[in-house]
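Visitor: My request is simple: use the sequences and hints to build the entire structure.
Per this note's numbering, the sequence shown starts with residue 1487, numbered consecutively.
These are computed hints drawn from the structure, not numbers from a lab. Wrong hints could be hidden among the right ones.
Unchecked claim - Only pairs whose alpha carbons sit at most 30 Å apart, straight line, appear in this in silico DSS-like list of lysine-lysine:
1) 1654 with 1623
2) 1623 with 1533
3) 1599 with 1533
4) 1599 with 1707
5) 1623 with 1599
6) 1654 with 1533
7) 1623 with 1707
Claimed, not checked - Pair by pair, the computed Cβ-Cβ distance ranges are:
8) 1771 with 1705: 48 to 56 Å
9) 1615 with 1671: 39 to 47 Å
10) 1517 with 1770: 38 to 46 Å
11) 1589 with 1708: 49 to 57 Å
12) 1744 with 1590: 53 to 61 Å
13) 1770 with 1744: 41 to 49 Å
Even for Gly, the Cβ is constructed at its ideal location relative to N, Cα and C.
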Amino acid sequence: MEIVRAGCRPPTRSLDEERHQQRHGIVGRSHAIASVIGQIELIARTKSTVLITGETGTGKELVARAVHDRSAQRDMPFITVNCAAIPDTLLESELFGHVRGAFTGATGARRGKFALANRSSIFLDEIGTMNVGLQAKLLRVLQEREIEPLGSEHTERVDVRVIAATNKDLVRMVHEGRFQEDLFYRLDVIRIELPPLRDRPEDIPMLAAHFVEKYAHRIGKSIAGLDEQAMSRLVQHPWPGNIRELENTIERAVVLSTGSWITGEAIVPRSIRQRATTIPSLNLRQNVEWVERETIRRALETSEVKRQAAQAMGITPRALTYYLNKYPALNAAPRFGRPQISESAFEPHDEPEETRWNSSDGLARYPSDHSPIE
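Guide: Quick look at the structure:
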């Protein structure tokens, strides 16, 4: 096992006095990270398809590289493709290649990423952004282990381990018809779920120390470490941008610090997700409907019957039926991995009465003896 040490302690110690363990480039000692490293060790011995999930900034590409670097194909090139960064019109050619004259501007043949990854690994990042038509072609590659370059009449066999990653909810996308179900199951052979940084706060001091040393060395500064106030701010921040946000914050602090210690004033996270996830717009009606849909969706996903979902939301089954009629997509989409919630969960006397509407403001008015929120 390769050991790389890095670290930082409170102001009574220097960076070199105590250093920490890093495996596969992954820094941390938490149970969650130890579990991920254990999975990498087991998965690397196989050539099975891997799906890495997790929020933005949790290190999905780092884990993908770790799987490849510990595999028998470690001496072969590790091919990466960011599906979100390539236009749909070019992604097919990028993945599978093309022959001369396949399209306007194709003045010569070009090998695709899958051909370059033959007998090695290919990492498909942001797989959830791929359009449905290209998903079907990728499914064929996973099933048949052969590719067909754009404009060619012949196929080519490839021996490739596919590692895909996404920060999207693919299960939900399958239900919404935006991701092929067959492709999902082909990709979801072995799944590695990366925890958000807020779920592993014990790793924050170690990660911060690693980034301090990295950027201090890069810009040629002598930084002894972070003081207690700085470390306290790091541990208390929720880090919606995860490790990427933490790294940017540390780099900024190292660049702007004028002393040998990084102080609390230099720790200024610049998160945007808290604001982005509160309300979708300034339109009151849209905001109210968004809150209603999200609340009902989450309640249904965690409940076996509608009565249980209504109880979790603090409303009556009659009111829940009203909302499901208002947002039929919530009732139509099956819950993945759960039995379909049916109307039989209600008692006969709970059938909803007709909702009265006030034409002046367009807001629903419920029967006076059965308010939706009790």
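Visitor: Quick one: which hint numbers does this structure break? Sort them smallest to largest.
Guide: 4, 7, 9
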